[in-house]
Structure formats: structure tokens, C-alpha cells
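J.: Next come the chains, spelled out residue by residue.
Protein chains: 2
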Amino acid sequence: MVHPQVEELSLPKVLAALADPARLATVRMLAQVGESACGQIQHDAGLEVSKSTMSHHVRILREAGITHSRVQGARRLLTLRRDDLDARFPGLLDAVLRPELAETR
Amino acid sequence: MVHPQVEELSLPKVLAALADPARLATVRMLAQVGESACGQIQHDAGLEVSKSTMSHHVRILREAGITHSRVQGARRLLTLRRDDLDARFPGLLDAVLRPELAETR
DNA sequence: CCCGTAGTTCGACAATCATCAAACAGTTCG
DNA sequence: CGAACTGTTTGATGATTGTCGAACTACGGG
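From first to last, the protein sequence lines stand for chains A and B.
For the first sequence, my numbering assigns the number 55 to the initial residue and increments by one for each residue that follows.
For the second sequence, my numbering assigns the number 55 to the initial residue and increments by one for each residue that follows.
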């Protein structure tokens with residue numbers, strides 16, 4: 055399971071990963087709840103996509119370095135890599151997560 | 055020539071527009087020089103793309119609401135819509151323009 | 001009036017992307 | 001064991017994207 059290191063994070067890649075409504079909603083949900091499983095996020099955020107699509111989005115986020123996945127039993131628990139993102143791109147995550155931007159369209 | 059209004063700016067669209075190295079370099083150049091023409095930017099930023107490709111990128115930036123274009127003779131002068139972006143997405147532009155992120159890869 | 005400069009528009013093309021269903025794999029629990 | 005649950009992988013498909021060259025439009029200077 056690929057988890058890029060902090061120094062490897064690419065700004066265009068991170069921006070591209072965030073530039074999708076479903077992924078933005080996922081990130082927003084993670085910012086709220088801290089740690090959660092794919093299916094749970096999908097449900098809580100009201101994402102109407104198939105599980106394979108959700109799996110795809112989660113992978114994009116992970117490979118961009120935005121989230122971290124750990125395996126716990128049958129579930130994959132995701133967390134935001136807040137510290138790493140803040141270290142590499144200060145202010146970016148905060149800007150994107152501002153509550154008044156909640157409509158992710 | 056399409057110039058979306060502030061309230062119409064969409065976060066995913068803005069992020070998608072910024073998620074391309076050539077466009078990011080364009081925005082960065084505009085932040086430095088203030089106002090400049092497409093060809094000038096392309097030259098100054100060392101962008102090795104055809105003029106039709108450059109025209110395409112400029113259009114994406116404009117339609118995302120990131121830049122403003124005005125016609126002056128045969129040239130199109132671009133400016134960053136700093137105030138509008140700051141009003142709608144506070145901190146986003148600052149985060150993306152941080153000098154230590156200069157390598158736009 | 002013609003020529004050079006500055007961009008746009010129009011296909012075209014290859015690459016990437018978001019999406020899905022189906023099959024698969026690992027976990028948990030009865 | 002076997003069923004239910006969680007998520008990944010694998011094609012497949014249609015849409016979008018970045019790129020180009022060529023043709024076109026518009027302005028400015030000799």
C-alpha cells in the first residue's frame with residue numbers, strides 16, 4: 055500500500071486529488087471525524103458511488119499523500135495526513151476545509 | 055469572453071485549474087509581475103508549449119475565475135483575480151503561491 | 001495596403017479519468 | 001465450515017484532458 059513520504063508530495067498531484075467533489079467530501083468528512091472507514095465515510099458523506107469507485111477515490115487520495123490508511127480487521131481506517139500536509143503546503147488544507155465552502159460543487 | 059462572478063466560483067474547478075504545472079507556473083508568474091500578456095508569460099515562465107496550448111490553459115484559468123483578461127490592441131493582458139479569490143477562498147491562493155513551492159512539479 | 005505580431009478556433013489524437021459490475025480476498029461471527 | 005461484511009482488482013466504457021498544427025481573426029507599423 056503506497057504512502058508517499060512528505061518530501062515526495064507534489065502540489066499539482068495534491069490539487070488534482072482535491073479537485074473532485076467526492077474526494078473533497080471525503081477529506082472534509084475525515085477532518086470532522088478524525089478516523090473512519092471507507093464505507094462509513096461513503097455513507098456519512100452521502101456519496102452515491104459504487105464501492106469500486108470509492109476504492110478508486112481513496113487510492114487517489116492516499117497516493118497523493120493526503121490520507122493515511124491502516125488496516126484494522128476487515129476495514130481500512132483512513133486519517134488525514136494533516137501534519138504532513140501542513141508541513142509541506144502550509145495553509146492549503148485549512149483553506150480547502152473552511153466550513154463556509156461546505157458545498158463542494 | 056467568459057469571466058465568472060465571485061459567487062459563481064467553484065472550489066473543485068479552481069483546484070482543477072491549478073492542478074496543472076503549466077497553469078500553476080502561469081499563476082505564479084502573474085503573482086510576480088502583476089499584469090502580462092500570454093506570450094510574455096509563456097516566455098518568462100519558460101513554458102515550452104505551442105501557442106494554441108497556451109491559449110487553452112489561459113482559457114481554463116479565466117473560466118475558473120482565477121485570472122482576468124483584458125484586450126489591449128492585439129494582446130490579451132492577464133491579471134490574477136486576487137481579491138475575488140481571497141474573498142471566496144481565503145488563504146487558498148497564498149498557500150499555493152508560497153515561494154518555497156516554486157518547483158511546480 | 002501588406003506584413004509581422006498576438007491569440008483564438010478547429011479538428012485530431014493519445015492519455016488519463018470517473019464510473020460500473022463482476023470476480024476476488026480477507027475478516028468476523030454464528 | 002459457511003455466510004455476511006469490507007474492501008481491492010480487473011476489465012470495460014464513455015467523458016474529459018493536454019497537446020499539436022493549420023487555418024483564421026484582429027491589431028499595428030512601415
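Everything labelled a hint here was simulated from the structure, so no lab data went into it.
Among these hints, one or two may not hold up.
Identical copies look the same in the list; a pair holds intra-copy or inter-copy alike.
[What the hints assert, rightly or not] In the SDA-like style, the derived pairs of lysine to any residue whose C-alpha atoms are separated by at most 20 Å in a straight line are:
#1 K67 x A79
#2 K67 x D137
#3 K67 x G93
#4 K105 x E154
#5 K105 x H122
Bear in mind the structure is a predicted one, so any value in this text is a computation, not a measurement.
J.: The structure should be examined with respect to each hint, and the outcome stated for every one.
T.: Against the structure, the hints:
1. For the identical chains of this complex, K67 and A79 are neighbours both inside a copy (17 Å) and across copies (14 Å), given an alpha-carbon limit of 20 Å.
2. For a Cα distance limit of 20 Å, the shortest separation of K67 from D137 inside one copy, 18 Å, qualifies, whereas the shortest one across copies, 26 Å, does not.
3. Within a single copy, K67 and G93 get their C-alpha atoms no closer than 24 Å, and across copies no closer than 26 Å, so neither meets the 20 Å cut-off.
4. Neither within a single protomer nor between protomers do K105 and E154 lie at most 20 Å apart by alpha-carbon distance, with minima of 29 Å and 38 Å respectively.
5. For the homomeric pair K105 and H122, the shortest alpha-carbon distance inside one copy (19 Å) is at most 20 Å, but the shortest distance between copies (40 Å) is not.
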